[in-house]
Amino acid sequence: MDDLGETHAFGRSLFSRSSPDYDEEEALRWAALEKLPTYDRARTAVLAMPGEGLKEVNLEKLSAQEKHALLQLVAWVGDDHERFLSKFKDRLDRVGIQLPTIEVRYENLNVEAQAHVGSRGLPTILNTYANILEGVANALHLTPNRKQKIPILHNVSGIIKPHRMTLLLGPPGAGKTSLLLALAGTLPSSLKMSGDLTYNGHTMDEFVPRRSAAYVSQHDMHMAELTVRETVNFSAKCQGIGHRFDLLMELSRREKEEHIKPDPEIDIYMKAVATGDQKAEVVTNHILKVLGLDICADIMIGNNMLRGISGGQKKRVTTAEMLVTPGRALFMDEISTGLDSSTTFQIVNSIRQTIHIIGGTAVIALLQPAPETYELFDDIILLSDGHVVYNGPRQYVLEFFEIMGFKCPKRKGVADFLQEVSFASL
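Take the sequence shown: its position 425, counted from the start at 1, is 612 in the numbering used here, and no numbers get skipped.
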């Protein structure tokens with residue numbers, strides 16, 4: 188632990204700029220880096236090594252000690268998420284780079300399912316075998332399909348804009364999960380969807396939605412034997428780093444042309460997440476700190492037979508698995524289940540900072556958000572029995588319902604009032 192603290196303290200001193208000797212050495216190091224080709228410069232960083240001072244390293248060929256020093260050096264990102272985002276955005280703005288944004292439009296969207304009703308729909312052994320035989324007969328066109336169509340969403344329309352947080356409210360069974368699945372392009376094949384759905388004007392068959400959007404399920408499905416860190420790290424490696432290296436290359440090229448020296452903290456972090464074997468681990472450590480999972484990072488997930496983390500922590504692990512993806516649109520379903528109001532506020536506020544500063548798109552379904560969490564959102568979508576009751580800015584929702592004859596009582600939370608209104612409209 189003493190080595191960890193020494194490395195971290197020495198690494199932080201790299202950016203303190205409190206010594207004339209450091210300033211001179213830093214200038215020499217940076218001048219040497221500027222002479223490198225863009226491709227090599229994107230893979231080279233200056234690390235502060237205990238007992239060795241400043242050292243140029245290739246991020247794709249790090250020793251164990253150098254990798255350890257790098258991870259400690261970029262650990263500040265998770266401690267101050269908003270500061271990191273602001274400095275990252277400032278670096279992009281200085282050279283005129285704008286990150287892509289996603290605007291989701293859906294018009295006359297319908298989702299329906301086919302299912303047996305009445306006693307035929309009960310999960311009995313007899314019905315199970317009957318369903319199997321009926322499925323085979325239907326596939327061979329020997330018998331007609333006896334399943335009935337059950338509508339889930341009815342002609343819903345709306346626009347989800349970037350740089351804005353959208354809260355999805357509605358009672359259980361209103362169709363929130365189906366709407367999120369449809370918007371994320373992950374609707375099961377057992378459900379039939381019709382209507383228009385576009386990302387920046389492009390239909391879903393013109394691109395791969397899973398590369399642009401991330402859906403966070405309300406169900407926690409993990410490998411019980413893996414630790415929290417291993418689970419999130421595996422997710423990061425499977426889903427890739429996206430276009431981070433391409434962004435770094437373009438950023439380095441423009442900065443060299445305009446003779447702009449980047450902030451050393453942001454520079455080394457962006458290089459760490461874009462090159463080398465440690466990139467997934469760096470992103471994982473960042474997300475674990477943002478979600479407050481660093482305290483249980485090395486504990487197994489667990490299940491009913493194996494002791495592990497709590498239910499609320501499992502819910503945060505599910506969220507972390509999607510936040511490590513490069514997706515620019517987030518669709519999150521009941522992420523507050525099992526969490527206290529303070530933790531929910533912290534998580535939603537971190538997502539809000541990312542959406543507002545970097546320019547992402549987010550729709551988050553919550554059942555009973557606390558007033559302080561509710562105030563973090565910009566827009567509201569209120570569902571009731573598959574219909575959209577309200578879709579618009581949060582500040583106008585009470586005025587809208589007052590015109591409709593529903594007035595929110597004093598000392599009552601707005602989110603609770605909206606839930607009651609949606610129940611009343613059933």
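What the hints contain is simulated information worked out from the structure, not anything from laboratory work. Check before you lean on any hint, since a few could be wrong.
[Unchecked claim] Below, simulated DMTMM-like cross-link-like pairs (lysine to aspartate or glutamate); rule was C-alpha separation at most 20 Å, straight line:
{"no.": "1", "residue 1": "K222", "residue 2": "E442"}
{"no.": "2", "residue 1": "K276", "residue 2": "E445"}
{"no.": "3", "residue 1": "K476", "residue 2": "D527"}
{"no.": "4", "residue 1": "K254", "residue 2": "D227"}
[Claimed, not checked] Here are the in silico distance ranges between beta carbons for each label pair:
{"no.": "5", "residue 1": "T225", "residue 2": "E589", "range": "56 to 62 Å"}
{"no.": "6", "residue 1": "V395", "residue 2": "L223", "range": "31 to 37 Å"}
{"no.": "7", "residue 1": "A411", "residue 2": "G600", "range": "22 to 28 Å"}
{"no.": "8", "residue 1": "G388", "residue 2": "E562", "range": "30 to 36 Å"}
{"no.": "9", "residue 1": "K348", "residue 2": "L313", "range": "49 to 55 Å"}
What you are looking at is a predicted structure, and each value in this text was computed from that prediction instead of being measured. Quick reminder that beta carbons are idealized off the backbone N, C-alpha and C, glycines included.
Would you mind confirming whether the straight-line C-alpha gap from K276 to E445 stays at or under 20 Å? Satisfied, since the Cα-Cα distance of roughly 18 Å is no more than 20 Å.
ask   = Regarding A411 and G600, is the given constraint of 22 to 28 Å on their beta-carbon distance met?
value = violated (37 Å)
**Message:** Holds or violated: K476 and D527, Cα atoms, limit 20 Å.
**Reply:** holds (17 Å)
Holds or violated: 31 to 37 Å for the Cβ distance of V395 and L223?
-> For L223 against V395, whose Cβ atoms are near 35 Å apart, the range 31 to 37 Å holds.
**Item:** 56 to 62 Å as the expected CB spacing between E589 and T225, which holds or is violated
**Value:** holds (58 Å)
What's the verdict on K254 and D227, does the C-alpha distance respect the 20 Å limit or exceed it? holds (18 Å)
- Item | K348 paired with L313, Cβ distance criterion 49 to 55 Å | holds (51 Å)
### Query
Does E442 lie within 20 Å of K222 when you go C-alpha to C-alpha?
It holds: about 13 Å lies between the C-alpha atoms, which stays within 20 Å.
| said: Range first: 30 to 36 Å. Now tell me if the beta carbons of G388 and E562 are that far apart. | reply: holds (32 Å)
Against the hints set out earlier in the document, a violation occurs for number 7 only.
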